[in-house]
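*Asks:* Protein chains in written order, with our numbering: chain A, 1 to 189; chain B, 1 to 582.
It is possible that part of the hints are untrue.
On the chain A side, residues computed to face chain B include the following (Cβ under 8 Å) [claimed, not checked]:
#1 GLU11
#2 LEU17
#3 ARG19
#4 ALA21
#5 ALA26
#6 GLY28
#7 GLN60
#8 LYS63
#9 GLN64
#10 LYS67
#11 ILE69
#12 VAL116
#13 THR117
Since the hints were derived computationally from the structure, they do not count as laboratory data.
Glycine included, C-beta positions come from ideal geometry on N, C-alpha and C.
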Amino acid sequence: MSTHTISVLVEDRPGVLTRVAGLFAARGYNIDSLAVGPTEEEGLSRMTIVVDVAAKSLEQVTKQLNKLINVIKILEHEESSAVERELALVKVRAEGDGRARIMEICDVFRVRVLDVTQRTMTIEAIGTPDKVQALLSLLEDYGVVEMSRTGRIALARGDRGIRERVMRPVGSRKASGGEDLPDWTGGGV
Amino acid sequence: MKVTGAQALFKALEMEGVDTVFGIPGGAILPAYDPLIESSIRHVLCRHEQGAGHAAEGYAWATGKVGVCIATSGPGGCNLVTALADAKMDSVPVVAITGQVPTPAVGNDAFQEADMTGLTMPVTKHNMLVTRPEDVAEAIREAFHIASTGRPGPVLIDLPKDVQVNQTTWKWPEQVDLPGYKPTTKGNARQIREAVKLLMKARKPVLYVGGGVIKAEASKELMQLATASNAPVVTTLMARGAFPDSHELCLGMPGMHGNYTAVMSLQKADLIVSLGARFDDRVTGQVSSFAPHAKIVHLDIDPAEIGKVRTADVPIVGDAKDVIGRMAHELQTKLDEGGTLADRLPWLAELHKWQTDEPLRYDQQIDGPIKPQYAIEQLYRASGSETVVVSGVGQHQMWASQFWGFEHPRTWINSGGLGTMGFAVPAALGAAAGVPDKRVIAIDGDGCFQMTAQELATATTEKIPFITAIINNAYLGMVRQWQELFYGQRYSQVYLSYDVPDYVKLAEAYGAIGLRAERPEEVEAVIDKAISIDDRPVVIDFRVDQEENCFPMIPAGSPNDEIITGPEKLKPVEDPSEAPIA
Chain A
1 MSTHTISVLV EDRPGVLTRV AGLFAARGYN IDSLAVGPTE EEGLSRMTIV
51 VDVAAKSLEQ VTKQLNKLIN VIKILEHEES SAVERELALV KVRAEGDGRA
101 RIMEICDVFR VRVLDVTQRT MTIEAIGTPD KVQALLSLLE DYGVVEMSRT
151 GRIALARGDR GIRERVMRPV GSRKASGGED LPDWTGGGV
Chain B
1 MKVTGAQALF KALEMEGVDT VFGIPGGAIL PAYDPLIESS IRHVLCRHEQ
51 GAGHAAEGYA WATGKVGVCI ATSGPGGCNL VTALADAKMD SVPVVAITGQ
101 VPTPAVGNDA FQEADMTGLT MPVTKHNMLV TRPEDVAEAI REAFHIASTG
151 RPGPVLIDLP KDVQVNQTTW KWPEQVDLPG YKPTTKGNAR QIREAVKLLM
201 KARKPVLYVG GGVIKAEASK ELMQLATASN APVVTTLMAR GAFPDSHELC
251 LGMPGMHGNY TAVMSLQKAD LIVSLGARFD DRVTGQVSSF APHAKIVHLD
301 IDPAEIGKVR TADVPIVGDA KDVIGRMAHE LQTKLDEGGT LADRLPWLAE
351 LHKWQTDEPL RYDQQIDGPI KPQYAIEQLY RASGSETVVV SGVGQHQMWA
401 SQFWGFEHPR TWINSGGLGT MGFAVPAALG AAAGVPDKRV IAIDGDGCFQ
451 MTAQELATAT TEKIPFITAI INNAYLGMVR QWQELFYGQR YSQVYLSYDV
501 PDYVKLAEAY GAIGLRAERP EEVEAVIDKA ISIDDRPVVI DFRVDQEENC
551 FPMIPAGSPN DEIITGPEKL KPVEDPSEAP IA
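Just chain A, same shape as in the assembly (with noise of 0.2 Å):
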């Protein structure tokens, strides 16, 4: 098993999520962090999925997900071409010696405090999913009251949206000899 991440661009309209979720636990894959949101284009709405399988069954998942007629796009993020972020709201207890601790730690994090009152102290954590995950081991120590996260969101780096990128099934071999396998991410079948 390993994480993925993936970029399902799909048409906004009631269901589509159900349809996306429903897909992922029909088949019995875990979702680990789902983040839905609208896009660049009207009547478009971006989906960043993170999930937990092996690489044959993510296949399986993506190329499922594709026959769905609301699905429009999907797109494997590897970690080296992908800029990814992720959002934190921490509400730590900072009482006594804590609190300066903890305004210590913010600063080295580079992150907001949102919120005061005399017991707790609400933090803003963005980052890179390591980072968000570094902070909040190390709030931990001081007793998280409460947090919320958004998941993961990605973009591909480079030039092109995802769109205009021409992509294989995941994890499909090359047509031997060849460059030419059709684009089966243009969706349905």
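Dock chain B against chain A, hints included.
*Replies:* Frame of chain A, contents of chain B only:
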């Protein structure tokens, strides 16, 4: 022109060329049933929505057109679910239209409300809840396009009652605009050349033909490819009739109850050219030991099928008619240019020896009970290969597939993937409505028959005659067979009774002709009588040997090499913990 949503529905169905629909009215679909009266479309009033769903499937299988079924909200729609799941598994083009409670009531637990799009999401290719009358025509257009193109499948349209009642301006969309739906139909030229190269080089090739060849209407192209390459053909349960059984290159059906030669041809092949088949577990058995020496060419219109079970050496995504036609052409061109095929004669001789040594067999004693295989063979002899044969699921289905001689596509209709008992009678109804000039025979089990026999009433009242041959062994036969072979003959809840119901009286109560054969010598006369009747449904109660098992058999999950060709080869499993789990 102003129309109601309901009028738009039937205008749209007429625009799609629909001639027959199967359904049952109810509260939330009432407005749609009013303009039906003026419509040119024939509505077949079924007795249960599941029957309407399977009838739509049978119609689609027999005609190649989209089958349409209509039901009301809540329980009506819920009763369609089995048929939709069946159509999804077997890639049958079906459009289902359900009434829904009025839009303001949706989500309020209204009377006869069920979330139809939610319920059917996993068992449809696509579904839509239409919320405005102006969207009805477009929804129908899209539904037919999605159901019938690419890999076919069921599409459900949920129409709230107010959407059916409210008015809109009629407008038929000239095109469909589905940015996320563009099936790849044209196969990649380089892959096709690569596949042909492998096929010419192979010493032991097999063309492994699945239901996709029938759906793509590619039988002619398949014949060209098989004869040009002199390669033997196996036809799966979904593909019976795609290639004529009488052809010398035809090996028949592979799989769990396939014949020895078809099964072993795949096991020993050095090349399998899979054409619209999906390496189903009933064909492969234990995947790790399936066809261990074979390279794989895998053609499918659905990319998700390629590499799902078995890695393909040459994957081809495309429409079977296009790709097989181009493969045949490419191969013929190569031969005309002086190319040669590898020597196939030893392979064909080996296959022929297996066919001689290990034929399908059964033993009909003159003074013994009727063997089910005998009844089916006699039916075939009397009726011939122009007949459309429909089956349910179980032993009778396997025997029908084994002992009928299929010569033409769309003459075999069954529930393959989902294995839906009760499929045969309503599917035969749909097929008979779709191809009224052909004889339709449902070969059914006694267990299956009792699940949907009510559609005989539909057949009688709507004057849609067909023959139902019940292979009555008084048991849920296939389950009984597994209990005998794998559960130490501990029979649990499988006995049904020969006499309850009395199938002859039941047939008569439904306005059909009821016939019965209890002895082998009665079989022929009963069949002759049945096929002489063409103005009403006929039911034949074949009282057959209740002990007869279906062979060959490969226990689920076992290597195909362990095929058991007859009862004398059995090693009974005494410990139920050793029973196959797949």
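*Asks:* Could you run down the list of hints and mark each one as holding or not?
*Replies:* Hints and how they fare:
1. At about 6 Å, the closest approach between the beta carbon of GLU11 (chain A) and any beta carbon in chain B falls short of 8 Å, and the interface hint on this residue holds.
2. At its closest, the beta carbon of LEU17 (chain A) sits 12 Å from a beta carbon of chain B; the interface hint therefore is violated under the 8 Å criterion.
3. The beta carbon of ARG19 (chain A) is positioned within 8 Å of a beta carbon in chain B (closest approach about 6 Å), and the interface hint is therefore held.
4. Evaluation of the ALA21 (chain A) hint against chain B yields a violated restraint, the C-beta minimum of about 10 Å exceeding 8 Å.
5. Hint on ALA26 (chain A) holds. Least Cβ distance to chain B is approximately 6 Å, under the 8 Å limit.
6. A cut of 8 Å between beta carbons decides the hint on GLY28 (chain A): the least distance to chain B is about 13 Å, and the hint is violated.
7. Given the 8 Å rule on beta carbons, the hint for GLN60 (chain A) holds: about 6 Å separates it from the nearest Cβ of chain B.
8. Among the interface hints, the one on LYS63 (chain A) holds; its C-beta lies about 4 Å from the nearest C-beta in chain B, closer than the 8 Å criterion.
9. Checking GLN64 (chain A) against chain B by beta carbon gives a least distance of about 5 Å; that is within 8 Å, so the hint holds.
10. About 6 Å separates the beta-carbon of LYS67 (chain A) from the nearest beta-carbon of chain B, less than 8 Å, and the hint is met.
11. About 5 Å separates the beta-carbon of ILE69 (chain A) from the nearest beta-carbon of chain B, less than 8 Å, and the hint is met.
12. Using the Cβ-Cβ criterion of 8 Å, the hint placing VAL116 (chain A) at the interface with chain B is not satisfied: the shortest such distance is roughly 42 Å.
13. Nearest Cβ of chain B to the Cβ of THR117 (chain A): about 39 Å, over the 8 Å cut. The hint is violated.
Of the numbered hints listed earlier, those contradicted by the structure are 2, 4, 6, 12, 13.
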